Amino acid sequence: MYVQEAKSKVFSNFWHLSSSDVLNALQSNSNNGLSNEEAKQRLKQHAASILKVKKHPSTLRLFLSQFNNPLIFLLLFCAALSLVLYDNTDALIIFGIIVISALLTFFQEKSALDAVDKLLQLVQIKATVLRDQVKKEIPVEEVIPGDIIYLSAGDVIPGDCYILESNNLFVDEATLTGETFYAEKSPGITAEDAPIAKRTNTLFMSTHVASGIATAVVVLIGKDTEFGKISGHLTTKPPQTEFENGIRHFGYFLMQVTFLLLLIILGFNLYFGRPLIESLLFSLALAVGLTPQLLPAIVSINLAHGAKKMANKHVIVKKLTSIENLGSMNVLCCDKTGTLTSGIIQLENGCGLDGRKSEKVLLYAYLNASFQTGYTNPIDQAISQGVAVDASGWTKLDETPYDFNRKRISILAKKEDDSFVITKGAYQQVIDICTHVEDALGNIVDINTVSSALKEHFIAFSNQGFRVLGLAYRKEDHISKLGPDDETQMIFLGFLLFLDSPKKGIDQVVVRLAELGIQLKIITGDNQMMAMHLAQLLNIPKDKVLTGQAMQQMSDQALINQVNRKVIFAEIEPNQKERLILALRKSRNVVGYLGDGINDVTALHSADVSISVDTAADAAKEVADVVLLENDLSVLQDGVLIGRMTFVNTLKYVFMATSANFGNMFSMAGASLFLPFLPLLPKQVLLTNVMEDFPEMTIATDYVDAERVQKPLRWDIGFIRKFMVVFGCISSIFDFATFGMLLLLKASVEEFRTGWFVESVVSAAFIVLIVRTFRPFYKSRPSWYLLGSVSLIIVLTLLLPFTPIAPLLGFTTLSGKFYVFILGVIVFYMLCVEWAKSLFFKQWHTQ
3 MYVQEAKSKV FSNFWHLSSS DVLNALQSNS NNGLSNEEAK QRLKQHAASI
53 LKVKKHPSTL RLFLSQFNNP LIFLLLFCAA LSLVLYDNTD ALIIFGIIVI
103 SALLTFFQEK SALDAVDKLL QLVQIKATVL RDQVKKEIPV EEVIPGDIIY
153 LSAGDVIPGD CYILESNNLF VDEATLTGET FYAEKSPGIT AEDAPIAKRT
203 NTLFMSTHVA SGIATAVVVL IGKDTEFGKI SGHLTTKPPQ TEFENGIRHF
253 GYFLMQVTFL LLLIILGFNL YFGRPLIESL LFSLALAVGL TPQLLPAIVS
303 INLAHGAKKM ANKHVIVKKL TSIENLGSMN VLCCDKTGTL TSGIIQLENG
353 CGLDGRKSEK VLLYAYLNAS FQTGYTNPID QAISQGVAVD ASGWTKLDET
403 PYDFNRKRIS ILAKKEDDSF VITKGAYQQV IDICTHVEDA LGNIVDINTV
453 SSALKEHFIA FSNQGFRVLG LAYRKEDHIS KLGPDDETQM IFLGFLLFLD
503 SPKKGIDQVV VRLAELGIQL KIITGDNQMM AMHLAQLLNI PKDKVLTGQA
553 MQQMSDQALI NQVNRKVIFA EIEPNQKERL ILALRKSRNV VGYLGDGIND
603 VTALHSADVS ISVDTAADAA KEVADVVLLE NDLSVLQDGV LIGRMTFVNT
653 LKYVFMATSA NFGNMFSMAG ASLFLPFLPL LPKQVLLTNV MEDFPEMTIA
703 TDYVDAERVQ KPLRWDIGFI RKFMVVFGCI SSIFDFATFG MLLLLKASVE
753 EFRTGWFVES VVSAAFIVLI VRTFRPFYKS RPSWYLLGSV SLIIVLTLLL
803 PFTPIAPLLG FTTLSGKFYV FILGVIVFYM LCVEWAKSLF FKQWHTQ
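If you use this note's numbering, the sequence shown corresponds to residues 3 to 849, in order.
Treat the hints as calculated values from the structure; they're not laboratory data. Since the structure is predicted, the reported quantities are computational estimates derived from the model, not experimental observations. One should not assume that every hint holds.
30 Å max Cα-Cα, derived BS3-like pairs, lysine-lysine [what the hints assert, rightly or not]:
id: 1; residue 1: 320; residue 2: 231
id: 2; residue 1: 225; residue 2: 46
id: 3; residue 1: 748; residue 2: 819
id: 4; residue 1: 409; residue 2: 477
id: 5; residue 1: 398; residue 2: 137
id: 6; residue 1: 483; residue 2: 320
id: 7; residue 1: 505; residue 2: 310
id: 8; residue 1: 225; residue 2: 128
id: 9; residue 1: 359; residue 2: 505
id: 10; residue 1: 315; residue 2: 42
id: 11; residue 1: 398; residue 2: 46
id: 12; residue 1: 713; residue 2: 781
id: 13; residue 1: 546; residue 2: 713
id: 14; residue 1: 713; residue 2: 588
id: 15; residue 1: 137; residue 2: 416
id: 16; residue 1: 568; residue 2: 713
id: 17; residue 1: 315; residue 2: 505
id: 18; residue 1: 46; residue 2: 321
id: 19; residue 1: 568; residue 2: 310
id: 20; residue 1: 315; residue 2: 713
id: 21; residue 1: 321; residue 2: 310
id: 22; residue 1: 362; residue 2: 398
id: 23; residue 1: 409; residue 2: 310
id: 24; residue 1: 416; residue 2: 483
id: 25; residue 1: 137; residue 2: 320
id: 26; residue 1: 320; residue 2: 225
id: 27; residue 1: 137; residue 2: 42
id: 28; residue 1: 398; residue 2: 359
id: 29; residue 1: 231; residue 2: 46
id: 30; residue 1: 42; residue 2: 231
Build the full structure now, drawing on both the sequences and the hints.
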C-alpha cells in the first residue's frame, strides 16, 4: 500500500536512486501508470501539499474586507461608545447604515469575482499522463506522485520528476536556478550530494521543456518540490501597474486631506463646547464621506465586468489589472504566422536543385515529418497531410528533435539494409551542415560549385512570399542512435516551399489598430525577403525592416533610437525578442507582446501586457496575462476597446467621488464652524454618503463615448487633482448658497438638515449624469442600469421625509417653498457644472 509518510523519507533525495527503486517506492508502473481509483485516493492524501493558487478571498473574508478601513473602525468604536453612553437609537442607525453600505459593495464584488473564476477555468494548463494504460490530459493541479507523464517542447513540468526516458531533452530552469542557458537532461543516477543544477536526471516543478521529449514519473508535488520550498519563503509581491500606483497615490492624497480636515473640525467643535462623542462622530462621518472607500470595490467590479465583456469577445483575462495596461498599450508586437497570416501552412512544393518538383524530396520530407515526435508543429503537419507518397518499408530508428538553436529536426530511418540520416530545417542551418548536393540527375557534386545557384533559388522563392526550408540526407550504416553531432557531412537534397497567406482583411485591422493609437510591430524569425514581401502586402515601407544581424551590431542605446522607427524585425533569434521588448519599453511605450511558442516566454515576461492564445504552448499560456480564444488581431482589437472602456468607467467614479464627496464634505465642515448646530447629524452624513454612492456602483455597466477610447489611456493624477479642486469648489459655492437660503427662509434645525440632505443627494445624482461624459450630458446616453439607479435614488430621497422612519433619522416634512428653492438650486448647479466642464476639458485638450 502506498504511504505518503514513507514516500517523504525515501524521496528527500530521490535523484541518486535507480529508476526501478523510484517506481517501486511509488508503487507505479511505467507501462500501466496509476489506476483512476488510486489517483483519486492519492490526490486526497496530498491535498495539504498542493500549492494553492492565489484565489479570491472567501465569502466571509470578502464581506469583512468591506470594513477594512481605519476610519470605519473609528466610526464603529465611537458608535459603540455612543450606544453605551448616549443615544442608543442613533448608534444603531449608524451601525445599520454602515452594514447596508458594506452589503451593497459585497454583493456587487462577490458576483463580479465569481464570474472571473469561471472565466479562468477556460484556460487551464494540462498535462499528459498515463492512467489505466491510457494516455489522457488532466489539469496540472490533479497530477500526483506516481503519475507517468509525457513531455515535449513547450510543456510545463507539474512536479519534481525522475526521468525514465528522454531524447535530446533540454529544459529551461531559469525560474528556479536563474541560469539563462537550457539544461540538458537524461536518465541515469546522479550523486546524492549533487546541487540542483547538476541533477541531470531530475525535472523540477514550474520549469518547462525547451526541446526534446521525455517520459518521467512524478515524485514530489506542490510544497514538497524545490520550487514549493522556495515559494513558501517568498513575501514579495508582483510590481504594481501604473494604474494601481495611480490609485494608491490618489488615495494617499485624499487620506492626508481627510485626516487634516478631521482634526480641524474636531478641534473647532470641541472649542465651541459641543459634546465630545457627537463631535467625534460628526468628524469621522465627514472623513468617511470624503474618503473614496468604494474605490477598491468599484475597481474590482469594473475590472470583473470588463473581463466578462472581454470573454464574450473571446478574450480571457487571467490578471485583472492587466485590463488597464491593455487600455494603455500603444505598441503591440507579434509574430506574423497565425496572427497576420491564416496560420494554415500549406506545402506548395518540394523542389530539387533545378527548382522543379522532386518526388525524392517529397518522400524524404514526409519521412522526417511523420517520424519525428519531439515537437508538434504546423510545418510537419502540413507535410504529413500534403504529401502522397509510398513510405512502406521504412522504419524509424531514432531522432534528434528540433531546438531553437540548431533550427533542425533529424531522424534516422531504415529501409531494408540501408539507413539514412534525414535532416530538415531552416535553409541556412541546413546548408551549414552540407558538403555536397544531389542534382536533378542524382549526381553528387561539391556544394561550392553550385552555391550561387542555390542562393538564387532561395532568394527567388523568398521574394515570392514562400517560407523556404532545406532538406538534406546522408547514408549511414554505422550508428543506431542519433544526436546533434551526427548532423554533419550531409548532402543537400532540395527545397521545401510553404505558403501561409495573409488573413483576409488583415490590412484593415492594421489600419484600425493605428487609428486606435496602437503601432503594430512584427517580430519574425523568417528571412528578410519574406518580411519585405509581407511589408509590401500590408503597405509598410520596406525601409522600416530591421534584421536580427543588424540588431546584433547595435548598442542598447542605438537600438532604443531605432525601435520606434522600424515596423518589421526579421531573422530575429528568440533571445533577441526580449531585448526588443525592453528597448521599446525604455523608449516610453506601453508594450504588448502576442506570442504562442516556448521561444516567446522571455519576451512575454518582459512586456507590459503579455498575450497568448488558447492553443499556445503551456509555457507561453502560463505566463500570459491575457489569453485569446481565437488567434486573431481583430479579437484583440475588441479586447483593447473593452479595456479602455473599463479604464474610463473606473475614472468616472474617481471624478464623481472628488466632485461630489469632496465638495459636500468640505461645505459641511465649513458650515459646522459658524452654525450653532451641526448641519447634518453623523447618521445623516453617513446616509447621504451611501445614497450618493449607490448610483456609482452601476458605473461598470455605463456606455463610454467613442472618442474616449480612440487613443491609449494613462492615469493622470495631476488632471484628477485639478478636477477635484475646480468642481469641488463649484459644489461648495452652491452648498454655501443653500445654507444661506435655508437660513433666510428661517428653516428650523430639522428643516435645515432635511432640506440640505434632499438638495445634496438629488444634485449629486444629477451630477453623475453630467460628470460621466466629456460631451454635453444630453448628447451622451447613460446605461439603463445607471439611469435607473439615479432615478431610484432621486425618488427615494424625495419620499424619505414623508416616511415613518424620517423622525428616527432626524428628518421632517418640508413645505412647498423649500422644494421650489431646492429645485432652483439644482438647476443652476447643473448648468454651472456643465458650463465649467466644457471650459475645463477644452483647456485640458489644448495643453
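Results of checking the hints against the structure:
| no. | hint | result |
| --- | --- | --- |
| 1 | 320 - 231 | 25 Å, holds |
| 2 | 225 - 46 | 15 Å, holds |
| 3 | 748 - 819 | 12 Å, holds |
| 4 | 409 - 477 | 21 Å, holds |
| 5 | 398 - 137 | 22 Å, holds |
| 6 | 483 - 320 | 43 Å, violated |
| 7 | 505 - 310 | 27 Å, holds |
| 8 | 225 - 128 | 19 Å, holds |
| 9 | 359 - 505 | 27 Å, holds |
| 10 | 315 - 42 | 36 Å, violated |
| 11 | 398 - 46 | 42 Å, violated |
| 12 | 713 - 781 | 21 Å, holds |
| 13 | 546 - 713 | 23 Å, holds |
| 14 | 713 - 588 | 20 Å, holds |
| 15 | 137 - 416 | 28 Å, holds |
| 16 | 568 - 713 | 21 Å, holds |
| 17 | 315 - 505 | 19 Å, holds |
| 18 | 46 - 321 | 29 Å, holds |
| 19 | 568 - 310 | 35 Å, violated |
| 20 | 315 - 713 | 20 Å, holds |
| 21 | 321 - 310 | 13 Å, holds |
| 22 | 362 - 398 | 18 Å, holds |
| 23 | 409 - 310 | 40 Å, violated |
| 24 | 416 - 483 | 12 Å, holds |
| 25 | 137 - 320 | 28 Å, holds |
| 26 | 320 - 225 | 23 Å, holds |
| 27 | 137 - 42 | 16 Å, holds |
| 28 | 398 - 359 | 25 Å, holds |
| 29 | 231 - 46 | 21 Å, holds |
| 30 | 42 - 231 | 25 Å, holds |
In summary, the numbered hints that this structure violates are 6, 10, 11, 19, 23.
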